[in-house]
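Participant: Residue numbers (our numbering), protein chains in the order written: chain A, 1 to 136; chain B, 1001 to 1143.
There's no promise every hint is true.
To be verified - For lysine-lysine, the following BS3-like pairs were computed, each having C-alpha atoms within a straight-line distance of at most 30 Å:
hint	chain 1	residue 1	chain 2	residue 2
1	A	K92	A	K126
2	A	K126	B	K1092
3	A	K126	A	K93
4	B	K1039	A	K126
5	B	K1039	B	K1092
Stated by the list, open to error - To give an idea of the interface, some chain B residues facing chain A are shown, with a C-beta separation under 10 Å as derived from the structure:
hint	residue
6	W1006
7	L1008
8	Y1019
9	V1029
10	W1043
11	G1048
12	L1053
13	P1054
14	E1057
15	A1063
16	I1076
17	A1087
18	L1096
Derived by calculation from the structure, the hints in this document are not laboratory data. From the three backbone atoms N, C-alpha and C, an ideal C-beta is built for every residue, glycine too.
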Amino acid sequence: MRQALILAALALVPGLGQAVYFRDRVSWRSPIPASEMITVTQARAWGGNAIWVDARPDEEFARDHVPGALSLNEDRWNELLPQFLAAWSPEKKIVIYCSSQSCNASREVAHRLRNEAQLPNVFVLKGGWEEWLRNR
Amino acid sequence: MKKFLWRLVDLVIAVIFIYAGAVKVLDPVQFANDIDNYKILPWTIGVGLAFYLPWLEIFCGLALIFRLLYRGALSILTALVAIFTIATIAAKVRGLDITCGCFGHASQNWNFPAHLALDLVLLAGVILLFYATGAKPRDLKGA
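The shape of chain B in the complex, shown without the other chains:
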């Protein structure tokens, strides 16, 4: 039962990241603008990330679903969500009125608390998965 629950959690997280990645893959220019809104990175690097990060999210999501490179996917997603969370807080502290960019236009009107809540829930989810599953896919095969 426990294993089934953790399997459910990583499926939900996987679907969230695949959806988030797919939406951004469809409009990388918009995502580049969203990254630029944070005023952390030069535009050129933001454009590069706008082409790269969505695919990384999709691949990590697929890795969670298919239990391939599982530990690597969890490591990357933990790092990504931690960076998103810090960037969100930093933007708020600096008084920047940013659009989330998490899910393309679907998240354009999200306010700061909603944006931060999503980041924290995802962060908690990937960290819990990391520890709860020991990040060893073979252990979960019977789930």
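Same shape as in the complex, but just chain A:
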């Protein structure tokens, strides 16, 4: 027990250091900062200045999707990312959605676009596809 406590305490030191280092890069209050969430109405108002990204699996995208949306999911990330980047331009805002409010795919894709592809103006659609259907 004493050994476990020592190890637990030791791990706390770099953990705290890293938390301080990353303090501006992660929100402790919510998975997605409010500034990175977007409602259907707000996203629609952007019109042609927005690229819609469907983060759901291929079969759901094939069934139906937001008109003009591009498919970009983690199952085929390496294959779909170049297609997405070909359609993207710096002035465009990226609106990502997955199936519902509780899904995570849009968040994951947003995280990867920001961190791996280093893209700005990445937003997650509040309520996802279900919300878009309600407002169609």
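We have chain A; now place chain B onto it with these hints.
Facilitator: Just chain B now, with coordinates in the frame of chain A:
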């Protein structure tokens, strides 16, 4: 020979945990998202764990390699893997489509059986080490 085999097992387990920890240390935000996917803990606690757990895995892995605080490391790893296994099963039962998060993006596409199999193999490994070695590093010095 037997001692050599157990030494090999704890080296393999140590390397797995050090690798898993290192990958997550490099992207704690992704790991926080992975924890949140399980829908068990509030986001704030998940973020705290995302900064802490990877280091705990690394320290426990190093403890296994260097035979320091060995018994403590095995206790922690047994508890961690048991919790991961229960959380994985609970997520599946609740119909959550989760990404593993075990090894960062390297494990993003793992399905449930693969995820569960890894948890169970690791759990079996640490429990076996606990009993096989009596978790007394001094006994193994001649290995």
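Participant: Hint by hint, which ones does this structure get wrong, listed from lowest number up?
Facilitator: Those not satisfied are hints 6, 7, 8, 17.
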